[in-house]
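Turn these sequences into a full structure, and let the hints steer you where they fit.
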Amino acid sequence: MKMRRTLLGGLLVCLWAPGALVAQSVEPPDPGPGYYFVLGRHYESAGEIDRAIAAHREAIARAPGSAELYAELAGVFARQDRAAEGIKAAEDALQRDPQNREANRILGTIYAALADQRKPLQPDDNPALYVSRAIAALERARQAGQSEMGLDVTLGRLYLQTSDYDKAIPLLERVSADQPGYPELALLLATAQEGAGKTAEAVETLRRALAGNPRFVRGFVLLAELSEKRGDWDGAAEAYARAQGLNARGVDFSSRRAAALINAGKPGEARDLLQESVVKPDAQPMLLYLYAAAQRRLGDLEGAEATARRLRTAAPDDPRGMYVLAQVLEARGDYSGAEESLRQLLKRDPDDATALNYLGYMFAERGDRLEEAVGLVRRALEIEPGNPAFLDSLGWAYFQQGNVDLADAPLTEAAGKMPGNSVIQEHLGDLRFRQERFAEAAAAWERSLEGDGESIDRERIQKKIRDARFRMESR
Numbered sequence: 007m008k009m010r011r012t013l014l015g016g017l018l019v020c021l022w023a024p025g026a027l028v029a030q031s032v033e034p035p036d037p038g039p040g041y042y043f044v045l046g047r048h049y050e051s052a053g054e055i056d057r058a059i060a061a062h063r064e065a066i067a068r069a070p071g072s073a074e075l076y077a078e079l080a081g082v083f084a085r086q087d088r089a090a091e092g093i094k095a096a097e098d099a100l101q102r103d104p105q106n107r108e109a110n111r112i113l114g115t116i117y118a119a120l121a122d123q124r125k126p127l128q129p130d131d132n133p134a135l136y137v138s139r140a141i142a143a144l145e146r147a148r149q150a151g152q153s154e155m156g157l158d159v160t161l162g163r164l165y166l167q168t169s170d171y172d173k174a175i176p177l178l179e180r181v182s183a184d185q186p187g188y189p190e191l192a193l194l195l196a197t198a199q200e201g202a203g204k205t206a207e208a209v210e211t212l213r214r215a216l217a218g219n220p221r222f223v224r225g226f227v228l229l230a231e232l233s234e235k236r237g238d239w240d241g242a243a244e245a246y247a248r249a250q251g252l253n254a255r256g257v258d259f260s261s262r263r264a265a266a267l268i269n270a271g272k273p274g275e276a277r278d279l280l281q282e283s284v285v286k287p288d289a290q291p292m293l294l295y296l297y298a299a300a301q302r303r304l305g306d307l308e309g310a311e312a313t314a315r316r317l318r319t320a321a322p323d324d325p326r327g328m329y330v331l332a333q334v335l336e337a338r339g340d341y342s343g344a345e346e347s348l349r350q351l352l353k354r355d356p357d358d359a360t361a362l363n364y365l366g367y368m369f370a371e372r373g374d375r376l377e378e379a380v381g382l383v384r385r386a387l388e389i390e391p392g393n394p395a396f397l398d399s400l401g402w403a404y405f406q407q408g409n410v411d412l413a414d415a416p417l418t419e420a421a422g423k424m425p426g427n428s429v430i431q432e433h434l435g436d437l438r439f440r441q442e443r444f445a446e447a448a449a450a451w452e453r454s455l456e457g458d459g460e461s462i463d464r465e466r467i468q469k470k471i472r473d474a475r476f477r478m479e480s481r
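Here the sequence shown stands for residues 7 to 481, where the numbers follow this note's numbering.
Check each hint, because a few of them may be wrong.
As the list claims (entries may be wrong) - Derived pair list, reagent style BS3-like, types lysine-lysine, alpha-carbon separation capped at 25 Å: (1) K272 x K423; (2) K94 x K125; (3) K235 x K286; (4) K423 x K204; (5) K235 x K423; (6) K235 x K272; (7) K470 x K423; (8) K173 x K235; (9) K204 x K235; (10) K286 x K272.
Just so you know, these hints were derived from the structure itself, not from any lab.
Structure representation (structure tokens):
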């Protein structure tokens, strides 16, 4: 037994510390490339990099056709952040064997790191090409052998940079499933899924990851952002609250959470959240803007105007101050004041699409200056084609003019893009009623009642539905 343990110990030394044996032994009379290969590894593990490189070069001199020896040298250079020399050694390996897995892996890894740095390695290099070079090399490495986590993660990240989401997803799904304790992998997977238009799957990926890693701040932030894109404002507000609770001394998510609460129809909660911050003399403009918006939604128009004017004084060049003041003044019936504030915005930036649309819609809603309203909104749509809010404004201006045929296309498109927007669905219902398409009118008004509920008179809409049904029954 004693002898057996000694032999086993010797075997372990051979497996785990070959360099140590080389260092302790006498150099053979005619050492081959394998000797210098092992010697190079020993020197590298001992931190003697120059001697390691010299040993690997000696191995190459004894077997110049070996791709593996060049790949080993490339790895030494890569681990020392000597990118140019690493690329040269890897390319030398690939000249001898284009499918050499290790050389392709090292070459791809170096180019991936350079792509992240976005700096040219050589004066005439184009860093934009580094990503495609990295992908090509890593794809060859993956084809040449079994996949591994590090390679798949790097390749998945590169696919995200090139928007090849369908290629990234299967790689990241595999590594994320294999390593559930690493929520960063789930974050990458969710990003790929969202990029591929699979937002619901991305949300589910994040929720699973956060269930097992409940202190992952960046996961909650991405979950909030995805919830915003889906119009799940309650979910967004909750996720921002979780992120804030975990990151109390870091990034302040109060403004994002308050915006989500306002959009969720909870302006009172938004006001309460912001109260402590806005009483400070140096309150941030964004917080003042949101506080004024919350006050306006709550019907505190006097308070909202005071906050808006405070914002205008504190940040006179901030367009948010002019915009929220226009909203408040319109709500108070001061249309000339609202128009003046919007004109100031447009004087500052004639291509402010939001201000163009707001002014045009304000005219259309009042049935005032309808030709100008159409012109303003059409300009906004030239800047942001397809914006559903702008399409609704254009259709409504045409409707107010009596141009039912012209109103049809923009209102139909807007309602299709925003089926949960109560105002847009009410407008579509009004159009369908005018067209004597009473069943469609009633359906649109019902969607209006089921929607976000902002700026609608529910009793008025219910009366419209009864009228439409009466017309249907009278036919």
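Hints, one by one, checked against the model:
1. K272 x K423: 24 Å, holds
2. K94 x K125: 18 Å, holds
3. K235 x K286: 32 Å, violated
4. K423 x K204: This hinted pair holds, its Cα atoms lying about 17 Å apart.
5. K235 x K423: 13 Å, holds
6. K235 x K272: 18 Å, holds
7. K470 x K423: Holds, because 23 Å separates the two Cα atoms, which is no more than 25 Å.
8. K173 x K235: 23 Å, holds
9. K204 x K235: 12 Å, holds
10. K286 x K272: 23 Å, holds
In this structure, the one hint that does not hold is number 3.
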